[in-house]
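J.: Residues per chain are reported as follows:
2 protein chains.
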Amino acid sequence: METIKGREIADEIRMRVKEQVEASGFNPNLAIIVVGDDKQNLLYVGLKDKAVSFIGGTTHHINLPGKTTREELLEQIHQLNLDPDIDGILLQLPLPEALQAYSDEFLAAIDVNKDVDGFNPINRGRLIYGEPRFVSCAALGCLEVIHRSRGSVKGQKAVLVGDSFDQILPLALLLTREGCQVTMIDEMPSKNPLPDAGIYVIEKGRPESVQAHQIANGALILDVGFYWHYDHSCGNVKPDALADLEGELLPVPGGLGPILIAKLMENLYSAAQGKGK
Amino acid sequence: METIKGREIADEIRMRVKEQVEASGFNPNLAIIVVGDDKQNLLYVGLKDKAVSFIGGTTHHINLPGKTTREELLEQIHQLNLDPDIDGILLQLPLPEALQAYSDEFLAAIDVNKDVDGFNPINRGRLIYGEPRFVSCAALGCLEVIHRSRGSVKGQKAVLVGDSFDQILPLALLLTREGCQVTMIDEMPSKNPLPDAGIYVIEKGRPESVQAHQIANGALILDVGFYWHYDHSCGNVKPDALADLEGELLPVPGGLGPILIAKLMENLYSAAQGKGK
Numbered sequence: 011m012e013t014i015k016g017r018e019i020a021d022e023i024r025m026r027v028k029e030q031v032e033a034s035g036f037n038p039n040l041a042i043i044v045v046g047d048d049k050q051n052l053l054y055v056g057l058k059d060k061a062v063s064f065i066g067g068t069t070h071h072i073n074l075p076g077k078t079t080r081e082e083l084l085e086q087i088h089q090l091n092l093d094p095d096i097d098g099i100l101l102q103l104p105l106p107e108a109l110q111a112y113s114d115e116f117l118a119a120i121d122v123n124k125d126v127d128g129f130n131p132i133n134r135g136r137l138i139y140g141e142p143r144f145v146s147c148a149a150l151g152c153l154e155v156i157h158r159s160r161g162s163v164k165g166q167k168a169v170l171v172g173d174s175f176d177q178i179l180p181l182a183l184l185l186t187r188e189g190c191q192v193t194m195i196d197e198m199p200s201k202n203p204l205p206d207a208g209i210y211v212i213e214k215g216r217p218e219s220v221q222a223h224q225i226a227n228g229a230l231i232l233d234v235g236f237y238w239h240y241d242h243s244c245g246n247v248k249p250d251a252l253a254d255l256e257g258e259l260l261p262v263p264g265g266l267g268p269i270l271i272a273k274l275m276e277n278l279y280s281a282a283q284g285k286g287k
Numbered sequence: 011m012e013t014i015k016g017r018e019i020a021d022e023i024r025m026r027v028k029e030q031v032e033a034s035g036f037n038p039n040l041a042i043i044v045v046g047d048d049k050q051n052l053l054y055v056g057l058k059d060k061a062v063s064f065i066g067g068t069t070h071h072i073n074l075p076g077k078t079t080r081e082e083l084l085e086q087i088h089q090l091n092l093d094p095d096i097d098g099i100l101l102q103l104p105l106p107e108a109l110q111a112y113s114d115e116f117l118a119a120i121d122v123n124k125d126v127d128g129f130n131p132i133n134r135g136r137l138i139y140g141e142p143r144f145v146s147c148a149a150l151g152c153l154e155v156i157h158r159s160r161g162s163v164k165g166q167k168a169v170l171v172g173d174s175f176d177q178i179l180p181l182a183l184l185l186t187r188e189g190c191q192v193t194m195i196d197e198m199p200s201k202n203p204l205p206d207a208g209i210y211v212i213e214k215g216r217p218e219s220v221q222a223h224q225i226a227n228g229a230l231i232l233d234v235g236f237y238w239h240y241d242h243s244c245g246n247v248k249p250d251a252l253a254d255l256e257g258e259l260l261p262v263p264g265g266l267g268p269i270l271i272a273k274l275m276e277n278l279y280s281a282a283q284g285k286g287k
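Top to bottom, those sequences are chains A and B. Each residue of the first sequence is one higher than the one before, starting from 11 at the first, in my numbering. Each residue of the second sequence is one higher than the one before, starting from 11 at the first, in my numbering.
Hints are supplied without guarantee of correctness; some may be wrong.
Any copy, or any two copies together, can satisfy a pair, since identical chains are not distinguished.
What the hints assert, rightly or not - Simulated crosslink set (DSSO-like; lysine-lysine; CA at most 30 Å straight-line): (1) Lys49 / Lys167; (2) Lys248 / Lys167; (3) Lys167 / Lys77; (4) Lys60 / Lys214; (5) Lys285 / Lys77; (6) Lys15 / Lys285; (7) Lys285 / Lys167; (8) Lys201 / Lys58; (9) Lys77 / Lys248; (10) Lys167 / Lys58; (11) Lys214 / Lys167; (12) Lys28 / Lys77; (13) Lys214 / Lys28; (14) Lys49 / Lys28; (15) Lys49 / Lys164; (16) Lys15 / Lys77; (17) Lys15 / Lys248; (18) Lys167 / Lys201; (19) Lys164 / Lys214; (20) Lys58 / Lys164; (21) Lys28 / Lys201.
To be clear, the hints were calculated from the coordinates, so they are not data collected in a lab.
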């Protein structure tokens, strides 16, 4: 089992975007809205912040108190939609509990052309028919790893485990568009093997639990679950457990995480470029 | 192989909607926009017309000439969005060739709350996350047949053949939401068997071409392709070819066609009811 180095792929993408930004003369501006002070959220925001400044852009932090109301958050999004200096708007999820029921309303309020997360329902819906202006970075990241490893997916078999709106479902639709045979399973079975395939993307499971007999030999495996397990971060796969298999593994940590943020930089550059047209 | 009688299911649904309409005192109003004079389109419109008057509603026909411009059609949709007498708006597809490139723009222009076809990208996107106001009638019709035959789909396996935005893709997302294991294949293989499953929905193939060895014994098969083949209409399956298999078949003709129109009546009633709130 060969390990795919997510950080190297991410560096390559970020460097390409940095060069594009330099050549274009734009200074991409990303607004990140954070409601409350969830520590995990602040950690992710810090990583995005660093990536934006690496490519030569600017992050605008809008930190709202945990008790922000629905109306206040909608008004804030509206202001950013109107602000000609802002290229991309990102609403850090999850929101505090009192606002979660309105999540989709907030996502729908973000201007389709500034929706660098690809979470606006119009951009999601255009995965089913039409051309989304932006697609979720997690799904784009998986697709890039799959293309790098397998080339064209036409006629290939992929098994996707999970049902997340930002990752598994858009990826299923992207792969289907390319003529890949996609099987969606809502959760990793505890013992039974997954269907035979050349590509596995495993999101919803349990920490370090996937067993070698559950996976076809020679496959590409994208581990895209993330857990804090005892003292370390990990995914669904403990790489040692699959050591006897041939194939490739995108592991956790050092796998999708950095790639996802690099893909966000591509989307941000595209947003800035679109405005410049 | 038992045959499922689509017309009987459709009659049951239409009768229920008719009773709901009577009890509610509403008179649901459906606007159908037809551009050009494609004969197939006019045939389908006639069927919808009859169904609307059966449930006690009114159809408003907007027949536009084949050379209608993008701006004229958008303006027409806009007028219907504003018209308080109109509950549901339906744009008959396919459009004349000159307008096809803008199809998604027209669908996006239809008010989400009058979009009884469920084709607005916002309604499509809410299949991925959130709650669509309306879902495509073809997908809803398949789901109803599947539930009637198989009950809960949680943990069951379904194979969906095709990649249509109005049928296969929304159905895949609806089944996934219910915990069904869904495999999507873009086109019916000419000889190879489909993966083992309890439910097959076959849209994209060739007339009367599915062979018994391609299907697992005991399954529910929904034939949802439609062809004019020599002198008759047919689907992907010639029922005789599967005679030796156990299971159930929703055939063409007399299968999904009438059910789809009955589900449209449910959506129209829901639109009228929503306005009444």
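J.: To test your reading of the hints: which numbers does this structure violate?
T.: Hints 1, 3, 5, 6, 7, 8, 9, 10, 12, 13, 15, 16, 20 and 21 not satisfied by this model.
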